[in-house]
Amino acid sequence: MSLLDFCQWLQNESIGTSIRESVWTFPLIETVHLLALAFSVGIIVFVDLRLIGVTMTDQPVSEVFGRLQPMAVKGFVINFLSGILLFWSEPMKCYNSWYFRAKIVMLLVLGLNAVLFSASTYKTVASWDKALATPVAARTAGWISLVFWLGVVVMGRAIAYASR
Amino acid sequence: MFPVLLPFFRWIDSTWLSHEIRDSTWQFAIFEMIHLIGLTMLLGSLMVLDLRLFGFGIKRQRTADLSRDLRGWLTSGLWLILLTGVLLFFGEPMKLYANASFHVKMLLLFLAIVFQFTLFNRIANGKEFSPGVNKFAGALSLFLWFGVGLAGRGIGFL
Numbered sequence: 001m002s003l004l005d006f007c008q009w010l011q012n013e014s015i016g017t018s019i020r021e022s023v024w025t026f027p028l029i030e031t032v033h034l035l036a037l038a039f040s041v042g043i044i045v046f047v048d049l050r051l052i053g054v055t056m057t058d059q060p061v062s063e064v065f066g067r068l069q070p071m072a073v074k075g076f077v078i079n080f081l082s083g084i085l086l087f088w089s090e091p092m093k094c095y096n097s098w099y100f101r102a103k104i105v106m107l108l109v110l111g112l113n114a115v116l117f118s119a120s121t122y123k124t125v126a127s128w129d130k131a132l133a134t135p136v137a138a139r140t141a142g143w144i145s146l147v148f149w150l151g152v153v154v155m156g157r158a159i160a161y162a163s164r
Numbered sequence: 165m166f167p168v169l170l171p172f173f174r175w176i177d178s179t180w181l182s183h184e185i186r187d188s189t190w191q192f193a194i195f196e197m198i199h200l201i202g203l204t205m206l207l208g209s210l211m212v213l214d215l216r217l218f219g220f221g222i223k224r225q226r227t228a229d230l231s232r233d234l235r236g237w238l239t240s241g242l243w244l245i246l247l248t249g250v251l252l253f254f255g256e257p258m259k260l261y262a263n264a265s266f267h268v269k270m271l272l273l274f275l276a277i278v279f280q281f282t283l284f285n286r287i288a289n290g291k292e293f294s295p296g297v298n299k300f301a302g303a304l305s306l307f308l309w310f311g312v313g314l315a316g317r318g319i320g321f322l
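Taken in order, these protein sequences are the chains called A and B. Be aware that the first sequence starts at 1, since it is given in my numbering, and climbs by one per residue. Be aware that the second sequence starts at 165, since it is given in my numbering, and climbs by one per residue.
Hints may contain errors.
Derived SDA-like pairs (lysine to any residue); straight-line CA-CA distance at most 20 Å [what the hints assert, rightly or not]:
#1 A/K130 x B/R232
#2 A/K74 x B/F218
#3 A/K93 x B/F321
#4 B/K291 x A/D58
#5 B/K259 x B/L246
#6 B/K299 x A/M71
#7 B/K299 x B/A228
#8 B/K223 x A/D58
#9 A/K74 x B/F220
#10 B/K223 x A/Q69
#11 A/K74 x B/K223
#12 A/K74 x B/L306
#13 A/K74 x B/F310
#14 A/K93 x B/A193
#15 A/K130 x B/R224
#16 B/K299 x B/D229
#17 B/K223 x A/T57
#18 B/K223 x A/P60
#19 B/K223 x A/G66
#20 A/K130 x B/K223
#21 B/K259 x A/P27
#22 B/K223 x A/S62
#23 B/K223 x A/V73
#24 A/K130 x B/Q225
#25 B/K223 x A/D129
#26 A/K74 x B/G219
#27 B/K223 x A/M71
#28 A/K130 x B/D229
#29 B/K299 x B/F218
#30 A/K93 x A/Y161
#31 B/K291 x A/Q59
#32 A/K123 x A/A137
#33 B/K259 x A/Y161
#34 B/K223 x A/Q59
Where chain A lies over chain B, by a calculated footprint (3+ residues, C-beta under 8 Å) [unchecked claim]:
#35 190–202
#36 215–223
#37 226–234
#38 310–322
Honestly, the hints are just simulated from the structure, not real lab data. Note that this is a predicted model, so its numbers are computed, not measured. Cβ atoms here follow ideal geometry from the backbone N, Cα and C, with glycine treated the same way.
The task is simple: from the sequences and hints, build the whole structure.
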């Protein structure tokens, strides 16, 4: 079964159809999806800004990362689950949308960036925890995360505008 | 709903800027995207600060210091939102005049800004407030700003 077949099947499946056809369900899920932005992207932006070295610089990186990352992950779970439901309700629109495709690619890059950062750069945090100038690798990870997360927000909004 | 304001909305509707935004296919969309980025900055910095007021998040730092660190980001986010918000308002004034969700949003926005720059700042920047007061400030600020976001999303659904 190809991706297209899967999306076509999902399009006609009953749960997605009921979300799409209900007056309140889709707006409700979308509102949750939007407000969870503050918990996920909003918080992660400030972790990124600390990694880049432009805010909360009097706090160790491990304090900012260690305390805020778990909150951001919890927010992301809400975003992910509500996102699945939104996709479920309009898989064909998403399939045909370049904005949606770009969003998914950006999310994959962000996942990879986060995994690589945690598995390598962050392992040595003890040696630069309080440094004003964080290592290039940490700043790069911060910039990638910042730019791509804001890209995800922009692409997410664009999906609703057009499906080209 | 507010007939006294109708001439003002009509005047906005007749301006060059309003026509410019309405006649363009991409301007409104771009402004809305920047509006969302501003929202991310404002609500994000607010979340970090409110979590601290609740006793979570960056606990090592005193609330007043954290507030000082984040204030610039919070106000920049707010300016970005207000500026793009005004442009979006110019893009569809007559729709907004009749939109109940927009009325609620403006009321909450007014309350949120007043609270944020008076009581909230006093509490976040002070030293001798009890945990109860801190939690109250955090909860009210989340309620008001998320209410603004909720009502904002509602505009498009009505």
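Here is how each hint holds up against the structure:
1. A/K130 x B/R232: Status holds; Cα separation ~19 Å.
2. A/K74 x B/F218: 17 Å, holds
3. A/K93 x B/F321: Satisfied, since the Cα-Cα distance of roughly 19 Å is no more than 20 Å.
4. B/K291 x A/D58: Holds, because 19 Å separates the two Cα atoms, which is no more than 20 Å.
5. B/K259 x B/L246: 19 Å, holds
6. B/K299 x A/M71: Given that 20 Å is the threshold and the Cα spacing comes to 18 Å, the pair holds.
7. B/K299 x B/A228: Holds, because 14 Å separates the two Cα atoms, which is no more than 20 Å.
8. B/K223 x A/D58: 13 Å, holds
9. A/K74 x B/F220: 14 Å, holds
10. B/K223 x A/Q69: 14 Å, holds
11. A/K74 x B/K223: 18 Å, holds
12. A/K74 x B/L306: Answer holds: A/K74 to B/L306 is near 17 Å, not above 20 Å.
13. A/K74 x B/F310: This hinted pair holds, its Cα atoms lying about 18 Å apart.
14. A/K93 x B/A193: 18 Å, holds
15. A/K130 x B/R224: OK: A/K130 and B/R224 at ~14 Å, within 20 Å.
16. B/K299 x B/D229: 17 Å, holds
17. B/K223 x A/T57: 15 Å, holds
18. B/K223 x A/P60: Distance ~12 Å between B/K223 and A/P60 Cα, so the pair holds.
19. B/K223 x A/G66: Holds - the C-alpha atoms of A/G66 and B/K223 are around 11 Å apart, at most 20 Å.
20. A/K130 x B/K223: Roughly 16 Å between the alpha carbons, so the hint for A/K130 and B/K223 holds.
21. B/K259 x A/P27: Holds: B/K259 and A/P27 sit about 19 Å apart, inside 20 Å.
22. B/K223 x A/S62: 12 Å, holds
23. B/K223 x A/V73: 18 Å, holds
24. A/K130 x B/Q225: Distance ~14 Å between A/K130 and B/Q225 Cα, so the pair holds.
25. B/K223 x A/D129: Holds, because 17 Å separates the two Cα atoms, which is no more than 20 Å.
26. A/K74 x B/G219: Satisfied, since the Cα-Cα distance of roughly 17 Å is no more than 20 Å.
27. B/K223 x A/M71: Status holds; Cα separation ~14 Å.
28. A/K130 x B/D229: 16 Å, holds
29. B/K299 x B/F218: Judged against 20 Å, a Cα distance of about 5 Å means the pair holds.
30. A/K93 x A/Y161: Roughly 11 Å between the alpha carbons, so the hint for A/K93 and A/Y161 holds.
31. B/K291 x A/Q59: 19 Å, holds
32. A/K123 x A/A137: Status holds; Cα separation ~12 Å.
33. B/K259 x A/Y161: 18 Å, holds
34. B/K223 x A/Q59: 10 Å, holds
35. 190–202: holds (count 5)
36. 215–223: holds (count 5)
37. 226–234: n = 4 at 8 Å, threshold three: holds.
38. 310–322: holds (count 6)
When each numbered hint is compared with the structure, no violation occurs for any of them.
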